[in-house]
Amino acid sequence: MSTPAAIELDSVTVGYDRRTVCRNVSLQIAEGSFTVFIGPNGCGKSTLLRTIARVLRPQAGRVTVLGRDVRGYGRRQYARTVGLLPQGIEAPAGMTVTDLVVRGRHPHRSALSRWTPQDEQAVTEALTVTGTAEFGDRVLAELSGGQRQRAWLAMLLAQDTPVLLLDEPTTYLDIAHQYEVLDLLADLHARGRTVVAVLHDLNQAARFATDLVVLHDGSVTDTGHPSTVLTPNLVADVFGLRCRIVPDPVTGTPAVFPEPTRPHPSLGPR
Amino acid sequence: MTTVPPLGPALGPPLRPPLDPALGPGRRTLRRHTRRAALTCLVVLLLSAGLAVGALASGRYATPLADLWPVLTGGGDPGLRFILFELRLPRIGTALAVGAALGAAGALFQSASRNPLGSPDIVGFTVGAATGALVVLLVLDGTPLTPAVGTALGGTAVAATTLLLGGTGQRLILVGIGLCALLTSVNAYLLTRAEVTDAQNAAVWLVGSLNGSGAHLPLLVGTLTVLLPLAVLAARGLRLIETGDDKALSLGVPVRRQRRTATALAVALTAVGVAGAGPVGFIALAAPHLARRITRVAAPLVTTSAVLGAALLLAADQLAQRLVPGQQLPVGAVTGVLGGGYLALVLAWTWRGGSR
Ligand SMILES: Nc1ncnc2c1ncn2[C@@H]1O[C@H](COP(=O)(O)OP(=O)(O)O)[C@@H](O)[C@H]1O
Ligand SMILES: [Mg+2]
Numbered sequence: 001m002s003t004p005a006a007i008e009l010d011s012v013t014v015g016y017d018r019r020t021v022c023r024n025v026s027l028q029i030a031e032g033s034f035t036v037f038i039g040p041n042g043c044g045k046s047t048l049l050r051t052i053a054r055v056l057r058p059q060a061g062r063v064t065v066l067g068r069d070v071r072g073y074g075r076r077q078y079a080r081t082v083g084l085l086p087q088g089i090e091a092p093a094g095m096t097v098t099d100l101v102v103r104g105r106h107p108h109r110s111a112l113s114r115w116t117p118q119d120e121q122a123v124t125e126a127l128t129v130t131g132t133a134e135f136g137d138r139v140l141a142e143l144s145g146g147q148r149q150r151a152w153l154a155m156l157l158a159q160d161t162p163v164l165l166l167d168e169p170t171t172y173l174d175i176a177h178q179y180e181v182l183d184l185l186a187d188l189h190a191r192g193r194t195v196v197a198v199l200h201d202l203n204q205a206a207r208f209a210t211d212l213v214v215l216h217d218g219s220v221t222d223t224g225h226p227s228t229v230l231t232p233n234l235v236a237d238v239f240g241l242r243c244r245i246v247p248d249p250v251t252g253t254p255a256v257f258p259e260p261t262r263p264h265p266s267l268g269p270r
Numbered sequence: 001m002t003t004v005p006p007l008g009p010a011l012g013p014p015l016r017p018p019l020d021p022a023l024g025p026g027r028r029t030l031r032r033h034t035r036r037a038a039l040t041c042l043v044v045l046l047l048s049a050g051l052a053v054g055a056l057a058s059g060r061y062a063t064p065l066a067d068l069w070p071v072l073t074g075g076g077d078p079g080l081r082f083i084l085f086e087l088r089l090p091r092i093g094t095a096l097a098v099g100a101a102l103g104a105a106g107a108l109f110q111s112a113s114r115n116p117l118g119s120p121d122i123v124g125f126t127v128g129a130a131t132g133a134l135v136v137l138l139v140l141d142g143t144p145l146t147p148a149v150g151t152a153l154g155g156t157a158v159a160a161t162t163l164l165l166g167g168t169g170q171r172l173i174l175v176g177i178g179l180c181a182l183l184t185s186v187n188a189y190l191l192t193r194a195e196v197t198d199a200q201n202a203a204v205w206l207v208g209s210l211n212g213s214g215a216h217l218p219l220l221v222g223t224l225t226v227l228l229p230l231a232v233l234a235a236r237g238l239r240l241i242e243t244g245d246d247k248a249l250s251l252g253v254p255v256r257r258q259r260r261t262a263t264a265l266a267v268a269l270t271a272v273g274v275a276g277a278g279p280v281g282f283i284a285l286a287a288p289h290l291a292r293r294i295t296r297v298a299a300p301l302v303t304t305s306a307v308l309g310a311a312l313l314l315a316a317d318q319l320a321q322r323l324v325p326g327q328q329l330p331v332g333a334v335t336g337v338l339g340g341g342y343l344a345l346v347l348a349w350t351w352r353g354g355s356r
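Chains as they are written, first to last, in full-length UniProt numbering: chain A, 1 to 270; chain B, 1 to 356.
Since the hints were derived computationally from the structure, they do not count as laboratory data. Every residue gets a Cβ at the ideal spot worked out from N, C-alpha and C, and that includes glycine. Watch out, some of these pointers could steer you wrong.
To be verified - Derived list of chain B stretches under chain A, where covered just means 3 residues or more per stretch with a C-beta under 8 Å from a C-beta of chain A:
no. : stretch
1   : 99 to 108
2   : 246 to 254
Said to hold, decoys possible - Examples of chain A residues toward chain B, derived with CB under 10 Å:
no. : residue
3   : Ala53
4   : Gly72
5   : Arg75
6   : Arg80
7   : Pro86
8   : Gly94
9   : Val102
10  : Arg105
11  : His106
12  : Gln121
13  : Trp152
14  : Pro162
15  : Pro265
So that you can see chain A by itself, here it is in the shape it has in the complex (with noise of 0.2 Å):
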């Protein structure tokens, strides 16, 4: 281990009124790395993310965030620290995208302090590296899907954290929406940031991850760089997918082919 643990997961065990979703669950995410989590439907991505974030508070076990337990923390002081975009996330009505950047501020500002040129500087430039300045005044709900996620991508950017937790950032976009949001993740990444993002294509997962985590039924099987972890045998085992894996011809990564599938046996011969 070179870099230093930016976020870390001590036997951490978390899931919702009785149910316990992840069970001793213990992670380093490096400094500065981009991380991607994967793995199936309801494995527990989303909460192990929410539990960072501080949404949700472990049962047992501990977080450790940038050498400090997250429970040290004062709540603005660790909105300053690490920043959520989650997932699903619904616009509110009548919102426009300036409005909602304006309020990606709230850590920064105390009660009674006015707008400071700091706050207008990180909007405008939350608003410029996503593209967003010039729908600033639209309305979120009229928006497309894409021009919507790089709205509250602006408004986590405001929020200006050196950690940022991505659920699933590329969800319900085209092709090149989804590129755009890498890319810009990517840039992020590597002006400092440590990122860490649920995505669900693994091929994507493979081109801009640093560090893979692999989640399956609430536990992290595997943790490295993309091209240690993504094997067959590993979507074999997590996704239950025969596949094949070829270096992606644009960037050498790993980039997964599911073999073809028996036809269903009610079905009959093909």
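Position chain B with the ligands relative to chain A; hints supplied.
Frame of chain A; chain B with the ligands shown alone:
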């Protein structure tokens, strides 16, 4: 095989100041919102003032404006004095106070429940208020408890029960529906057991009316002076909760606590309104809704909603006094019809025009 992930288009160096914060998009948006809300409040306040003057000058004994001034400044005809100070002014004041309380309560409810149709009814307030009034009128008849106190107590008790059992979100609504169903049958049972005159009397209380109101005006105004500023403060936190619980939590907002505070304040404000005029419907729903439409600001607009609620109830009460010649309708009947129409229009609009 180690590969560097491809970078997107270079972002260039971060934008540097000089950036005048007055000119940036953030500042502009914030300022525009403040202006729109303030302007709306001002216009509505002027309208209410006009309405109030009109209400003072008219009634069963029409009063020329020229005769009003001497009375208001301490002189004038004693008979007119009585009509103005004992009848008309308290009624206008009560309408304004109750409207403001319900408008502010609605703004908090809609925002805290993230539901544009959220209102005190969600937590069973109105039905509970009715039960309270019925119990006072029909069961505790002869005790010093007034129906006004009964409605406030009943509504608050039911709302508190719903909130304690239901928490927030989906479960809250289900618990609310359950309790409503239960109490509706209790109410019906109580009415079947009552004398006809008592039942008639109670029926007016169930609709909400300003007839003969005004006795509690100083108490109403006093309570509002405390509750409204608290409501404005509570709304600041709700502004962020509107982006979703997870998002708000990750922005450092104590979501549960703020939602609980806002809901408690909304219940208290509703109780004040209901104690003043009975469970007048639709003001709590329509005022915040209108406030958002007029200002086009997506935030819980407590002040604007309170001002709008006051104007709406005053206008509705004036209508109620005039609509049927020689008869005073309960104001709740008018707000019910107007509010119902408004709701139908808005829903039709929303479905036709997509999400907005
Ligand atoms: N709010 C909740 N209350 C109860 N159970 C939940 C809640 N959210 C998720 N779960 C359950 O926890 C499990 C893991 O969910 P989640 O972390 O969302 O999975 P993933 O993001 O990997 O698809 C699922 O079985 C899901 O049904
Ligand atoms: Mg998920």
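Hint check results:
1. 99 to 108: It is violated, with 0 qualifying residues against the three required.
2. 246 to 254: holds (count 8)
3. Ala53: holds (5 Å)
4. Gly72: violated (15 Å)
5. Arg75: With a minimum Cβ separation of about 4 Å from chain B (threshold 10 Å), the hint on Arg75 (chain A) holds.
6. Arg80: holds (8 Å)
7. Pro86: Constraint on Pro86 (chain A) satisfied, holds at 4 Å.
8. Gly94: holds (4 Å)
9. Val102: Interface hint status for Val102 (chain A): holds (5 Å vs cutoff 10 Å).
10. Arg105: Since chain B brings a Cβ to about 8 Å from Arg105 (chain A), closer than 10 Å, the hint holds.
11. His106: Because about 5 Å separates His106 (chain A) from the closest Cβ in chain B, which is inside the 10 Å limit, the hint holds.
12. Gln121: holds (6 Å)
13. Trp152: holds (8 Å)
14. Pro162: At 14 Å from the nearest chain B Cβ, Pro162 (chain A) fails the 10 Å test, so the hint is violated.
15. Pro265: Pro265 (chain A) check fails; min Cβ-Cβ to chain B is 40 Å, beyond 10 Å.
Of the hints listed earlier, those the structure fails to meet are numbers 1, 4, 14 and 15, in rising order.
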